[in-house]
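Please construct the entire structure, taking both the sequences and the accompanying hints into account.
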Amino acid sequence: MAERIVRTGVVALLLTAPFLLLAVLPLNQAQFWTANVLGRAVVFGIIALSLTFLATYGGFISLAQMMIAGTAGYGVAVTVDGAVPSIVGGLPYALAVPLGLLAATAMGLLVGAIAVRTRDIYLLMITLALAMGVFRFVETNIAWFNGYEGIRNVVGPRLFGQDFRNPYVFYYVSLAVALLLYGFVLYLVRTPFGLVLQGIRDNARRVAALGYSVPLHRIAAFGVAGFIAGCGGVLATIYNIGISPGSIGLGPTVNVLIMSVIGGLGHPVGAFIGSLIFTVFDTFAANLYDRDRFNTLIGLVFLVIVLVSPDGVTGIFGRLRGLAGAGKRSARSLASINKP
Amino acid sequence: MGLAATVVLNGLTLAALYFIVASGFSLIFGLMRVVNMAHGTLYLVAGYVGYRVFEPLYDADVWWAWYAGLAAGIAFAAVAGALMQVLLLSWMQGQELRQALVTIGISIIAADQVLAIFGGTPRQFFAPDAIFGSTQVPFVGGYPTFRLVQIGVAMAVGVALWLLLNRTRLGMMIRAGVDDREMLGACGVNVPRVGIAVFALGAALCGLGGVIGSTAQPLALGQDGRFLLISLVVVIVGGMGSITGTAIGAVLVGLAEQLGQALFPTYSVILTFVIMATVLALRPQGILGRG
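Protein sequence lines, in the order shown, are assigned to chains A and B.
With this note's numbering applied, the first sequence covers 1071 to 1410.
With this note's numbering applied, the second sequence covers 3 to 293.
Derived by calculation from the structure, the hints in this document are not laboratory data.
Glycine residues also receive a C-beta, built at the ideal position from the N, C-alpha and C atoms.
One or more hints might be untrue.
As the list claims (entries may be wrong) - One side only, chain A facing chain B, incomplete, derived with CB under 7 Å:
hint: 1; residue: I1184
hint: 2; residue: R1206
hint: 3; residue: N1211
hint: 4; residue: F1372
hint: 5; residue: L1373
hint: 6; residue: P1380
To be verified - Derived, one-sided and incomplete: chain A residues facing chain B with beta-carbon distance under 8 Å:
hint: 7; residue: R1187
hint: 8; residue: D1190
hint: 9; residue: I1191
hint: 10; residue: A1199
hint: 11; residue: T1210
hint: 12; residue: L1320
hint: 13; residue: G1369
Laid out in structure tokens, this is it:
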């Protein structure tokens, strides 16, 4: 019951956030907060959600999620009308976006299929290698992806007569997508598919003995995660008004992991908490330490979280609740994902 | 014919460098079960520290400038690796994923500090006169001597590692530790100390690769990601913890990269990953990995 109240409260807060910001900040600052802090946090939270979904319910720490998000972004950028340079071009957003999501889902399935027989750190290594491989391929390929420069001017569609560049349109569309996907994940893990997935996480052998196909469920989970990451990737590409290899390189790949781990790999909500913390640090690192030394700062935060609380901020909440005697369910820690 | 020979020789010299770097990665993984995500960063840091030592000596026209840079790079990497193990990784032994995350954290911070301390300027060592210039190679013609030296160094590293692992007491402990850490400890061996030694050795090999690699090609930010990727792919293809497997993996990846670049330049990266995916599909533990 208490949880439902908290959940409703958070959603209400997120829905009214732009107006609350307007009430306390000047117009331009409120818009900046809406699009560049909250909006960005929501978008990258979606990408982190795809990793958290895999990690929490499957026990797979995949480092390929940013690359998969980039696949959707490139899918849109290559096909959509108005992108510069126009590579295929000509398609309206109504077609280009589904195409991008399809590409991301397919890439998710492919990554899942390649990594299907590996787990734990092997999976981590293989997904990272795949991500870096796609990054280097995109960076060197001019014909399809315009190489190092990438593709610009992906401005987003007009919705209900409103331009997508309007910070409020961007924020509410992103928020709606995030809430839908979040609800979808919570629903999915209660379906038979989700239960089998959690069974595989805890003991793949027993699940196989019950007659379920472990490889198929694993690959399907990567497909679902690919779709989620793709949604984030499309929004991130529109947010950045284009995409370049730099946005799927080692740095962004690791950033998604940082968000998920800071937030906590015990519950999907951790993805959004982590991405909000990350974005706030990213925006205000200049005031805290040094304008250019953001990576040192976020690296330290990440290291401290991994050393002190492997289940992230949500894990800290869980433990506090456990201390207060209110929570019966404590978040799973990284260590338990590691040791099935 | 000449072109084909050049491409193959390029592939082999590249493979030599990959082997030096990846063997350290493989060694650490083999005994410690630690995926050292900071391996590429060690390469970068060792290169820059080595260059800091090398530059003033080179300006002073001392003949041993390069060797001093090499020694500094190796020593720094070894100490950094040992410190990483002592301070952070040793007390979470067995939590493989958490250790991997810690090394990721270290690599983020270290790469950023490299940028802060050394700036983003690309650097390149000048090889000493003895191994500078070009050598006549049959079918190929003139070929940079240093790249041939690279092959020699890699072979020396391979032989030395083989001797160390198979003919010394430390090697015996390492091999025993790969099979059963707890039993090794029960036999009275100080396993944590062996772990520190292995970490230092693996990191030192990475440092060696860092200075050698930065002599053959420029040292710049971004190389850390590249060499982490190479180490991962080489070790995944060759098999975790096997030195011979690492050598096979390095040759395959080096040749694939050069052949790919000669035949279909903008798609060459795909070839490397087709090899990786094929190996994973047929032998998930790598060509010479133990299941």
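Verification of the supplied hints:
1. I1184: Nearest chain B Cβ about 5 Å off; hint holds.
2. R1206: Because about 5 Å separates R1206(A) from the closest Cβ in chain B, which is inside the 7 Å limit, the hint holds.
3. N1211: holds, 5 Å
4. F1372: Interface hint status for F1372(A): holds (5 Å vs cutoff 7 Å).
5. L1373: holds, 4 Å
6. P1380: holds, 6 Å
7. R1187: holds, 4 Å
8. D1190: holds, 6 Å
9. I1191: holds, 5 Å
10. A1199: holds, 5 Å
11. T1210: Given a least distance of 5 Å, the restraint on T1210(A) holds.
12. L1320: holds, 4 Å
13. G1369: holds, 4 Å
In terms of the numbered hints stated before, the structure departs from none.
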